[in-house]
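Visitor: This is what each chain is made of:
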Amino acid sequence: MTARRWLTRAGFYALVVVIIVQAIFPFYYAILTSLEDGQALFEVNYLPAALDFSNYASMLTSGVFGRQILNSVFVAAVVVVISLFLAVTASYALSRIRFRGRGLLLLTILSVSMFPQIAVLAGLFEVIRTLGLFNSLWSLVFSYMIFTLPFTVWVLTTFMRNLPIEIEEAAIMDGAPPFTIIRRVFLPIMWPAMVTTGLLAFIHAWNEFLFALTFLSTDTQRTVPVAIALISGRSEFEVPWGNIMAASVVVTLPLVILVLIFQRRIVSGLTAGAVKG
Amino acid sequence: MPPAEAAATAAATPVRSGTLSTLSRQRIRSAWVFLAPMLVVLASVAAYPLYRTIWFSFTDASLDLISEARWVGFRNYLEYVDYGNGQGEYFGLLADARWWRSVWNTIWFATVSVSFETLFGLIIALVLNEQFRGRGLVRAAVLIPWAIPTIVSAKMWAWMMHDQFGILNDILLRLYLISEPVAWTASADTAMIAVLIVDIWKTTPFMALLILAGLQMVPNDIYEAARLDGIHPFRVFRKVTLPLIMPAVLVAVVFRALDALRVFDIVYVLTPNTDATRTMSVYARENLFDYDQFAYGSAASTLLFLVIALITISFIRLSRMDLEGKEE
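Residue numbers (our numbering), protein chains in the order written: chain E, 1 to 277; chain P, 1 to 328.
No wet-lab data here; the hints were simulated from the structure.
Do not rely on the hints blindly, as some may be mistaken.
As the list claims (entries may be wrong) - One side only, chain P facing chain E, incomplete, derived with CB under 7 Å:
id, residue
1, M38
2, V142
3, I148
What the hints assert, rightly or not - Dumping the calculated SDA-like pairs for lysine to any residue here, alpha-carbon to alpha-carbon at most 25 Å:
id, chain 1, residue 1, chain 2, residue 2
4, P, K239, P, F120
5, P, K239, P, I123
6, P, K239, P, A260
7, P, K239, P, F91
8, P, K239, P, L258
9, P, K239, E, G38
10, P, K239, E, T8
11, P, K239, P, D259
12, P, K239, E, I165
13, P, K239, E, T61
14, P, K239, P, L228
15, P, K239, P, F165
16, P, K239, P, R227
17, P, K239, E, V256
18, P, K239, P, D229
Just so it is clear, CB atoms sit at the ideal spot from N, CA and C, and this is done for glycine as well.
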């Protein structure tokens with residue numbers, strides 16, 4: 001191996017190390033901080049110096065953090081179920097049935113996903129108050145449809161469009177009603193795409209901040225992102241960083257594990273939305 | 001049109017011209033039945049609220065008296081108040097220096113963050129496109145910033161950027177890059193830099209994945225041929241790879257730019273209440289819910305929507321997206 005090739009290789013692996021370290025370090029440091037308490041918190045450590053679970057204990061036992069996690073789980077799960085149900089039937093119509101205005105409709109749905117959330121905030125606030133949903137978790141289930149639906153419909157439509165006609169030909173000829181075709185023919189082969197979009201919708205709903213900050217007003221109703229954002233001390237100098245980091249790790253760890261397990265699916269789902277266009 | 005697609009059309013509309021068959025008429029009817037629930041939901045979470053926001057921006061609505069809003073014309077946007085002595089003053093959003101500051105902040109944020117994300121995303125994508133041991137590990141690691149909720153990222157970095165106990169200052173001091181601790185989020189000079197660092201860190205993975213998808217569509221034999229001809233890899237990248245992945249990169253850039261223009265979470269959590277980082281979304285929400293200027297905030301929301309709508313429409317026009325699935 002020539003010196004030059006060796007140098008190139010060393011440079012490449014140095015780059016690889018930099019990429020890995022910058023990606024992992026902040027989360028590593030959050031875990032490290034969450035395990036420190038009292039004075040240890042205020043000394044900069046690069047390696048674990050303490051193994052103190054008191055931050056976790058105080059987060060999970062005192063206060064409403066457990067309740068807030070359940071709120072987040074509830075909202076994200078219901079959002080996934082409802083948006084998948086609405087999107088599967090709609091995508092079938094958009095991908096398998098030819099009718100006039102189909103392209104325009106798809107364009108409209110896609111453009112909704114470009115909406116800045118702030119543009120609908122004032123109007124949604126009025127709608128939610130009128131429906132009596134203010135400070136109810138259903139306000140989030142309802143409002144999150146604005147970003148989960150267009151995305152789910154878009155990805156599932158692309159997926160269904162690429163399936164060959166043969167799979168439903170026999171069913172059409174037998175005169176099966178479209179709903180039966182969806183249930184019997186498409187659902188069994190669509191689950192990979194549905195897992196992907198469902199997962200992405202779950203993550204999006206789990207992380208959402210602006211609507212959750214605006215439509216919920218009491219501590220017991222809040223979802224975790226807002227709860228974490230609002231943790232504060234009595235003064236700027238008493239911010240409970242240990243607790244904040246413990247809460248952050250608790251809400252992030254399941255997500256990171258989920259993403260690592262399903263990384264192939266997530267990558268294909270993310271890119272299907274954008275690159276196919 | 002691929003054969004399968006052609007067959008689908010033939011099956012769905014056996015008679016191309018003239019009357020549609022009963023079967024296809026039935027199918028078209030059921031298409032609308034299937035679409036209806038989704039369209040109703042989208043209309044009530046997107047179209048109607050958007051219309052109401054725009055309407056509020058022309059009224060004197062306040063948070064507690066939304067239903068009693070009265071039409072006031074363009075007053076929230078721009079109004080000339082004549083003092084009667086030959087002098088007067090402009091009021092309204094378009095005459096508000098704080099608003100223009102937040103417009104500038106947003107544009108600056110979007111430009112810088114998307115540029116760096118594209119650059120870093122391209123580098124990471126090129127690395128991931130190589131065959132080497134540990135590639136799976138790198139890809140998994142790169143996904144982590146993306147998986148972390150934005151609020152959590154902001155808090156994690158806020159702690160790392162702490163002026164007294166933050167590890168970032170510690171690292172930079174040890175490397176002699178700074179001579180004294182920097183108050184990253186608190187000082188007006190560095191607040192925007194802090195926001196940019198967090199956003200670039202968090203969103204580069206998304207960019208990398210989109211660009212990687214583009215890279216993987218470049219056929220391998222092109223590289224093979226270039227290698228056999230002894231062309232320098234950098235030249236191959238500039239002359240072959242880059243032009244081929246340009247469409248994918250452009251799509252990614254537009255997606256990210258639209259996202260960056262509506263940035264809210266990071267700024268709101270990392271650097272609350274400072275003119276140095278206030279973006280259009282933050283400005284609008286402050287007016288809507290914190291300062292009790294509901295109508296004024298609606299006007300700001302409307303303007304932000306207009307900017308984003310213009311960019312989106314021109315992008316869709318320019319790229320002539322394949323919506324019908326006609327081409328392949």
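Visitor: Given P:V142 was flagged as interface, is its beta-carbon under 7 Å from a beta-carbon of chain E?
Guide: holds (5 Å)
Visitor: With a cut-off of 25 Å on the C-alpha distance, tell me whether P:K239 and P:L228 pass.
Guide: holds (16 Å)
Visitor: Quickly compare the C-alpha distance for P:K239 and E:T8 to 25 Å and report which way the hint goes.
Guide: holds (21 Å)
Visitor: Would you mind confirming whether the straight-line C-alpha gap from P:K239 to P:R227 stays at or under 25 Å?
Guide: The given pair, whose Cα atoms are some 13 Å apart, holds under the 25 Å limit.
Visitor: Has the given pair, P:K239 with E:V256, been kept, meaning a C-alpha gap of at most 25 Å?
Guide: violated (38 Å)
Visitor: Hey, does the P:M38 contact hint survive, CB to chain E under 7 Å?
Guide: holds (4 Å)
Visitor: Would the pair P:K239 and P:F165 pass a check requiring their Cα atoms to be no farther apart than 25 Å?
Guide: violated (48 Å)
Visitor: Holds or violated: is the Cβ of P:I148 closer than 7 Å to a Cβ in chain E?
Guide: holds (5 Å)
Visitor: Would the pair P:K239 and P:F120 pass a check requiring their Cα atoms to be no farther apart than 25 Å?
Guide: The hint holds at about 20 Å.
Visitor: Is the Cα-Cα distance between P:K239 and E:T61 25 Å or less?
Guide: violated (60 Å)
Visitor: Would you check the hint for P:K239 and P:D259, treating anything up to 25 Å between C-alpha atoms as holding?
Guide: Not satisfied, since the Cα-Cα distance of roughly 30 Å exceeds 25 Å.
Visitor: Take the C-alpha atoms of P:K239 and P:I123, compute the straight-line distance between them, and say whether it is at most 25 Å.
Guide: holds (17 Å)
The structure does not agree with the numbered hints 6, 7, 8, 9, 11, 12, 13, 15 and 17 stated previously, though it agrees with the rest.
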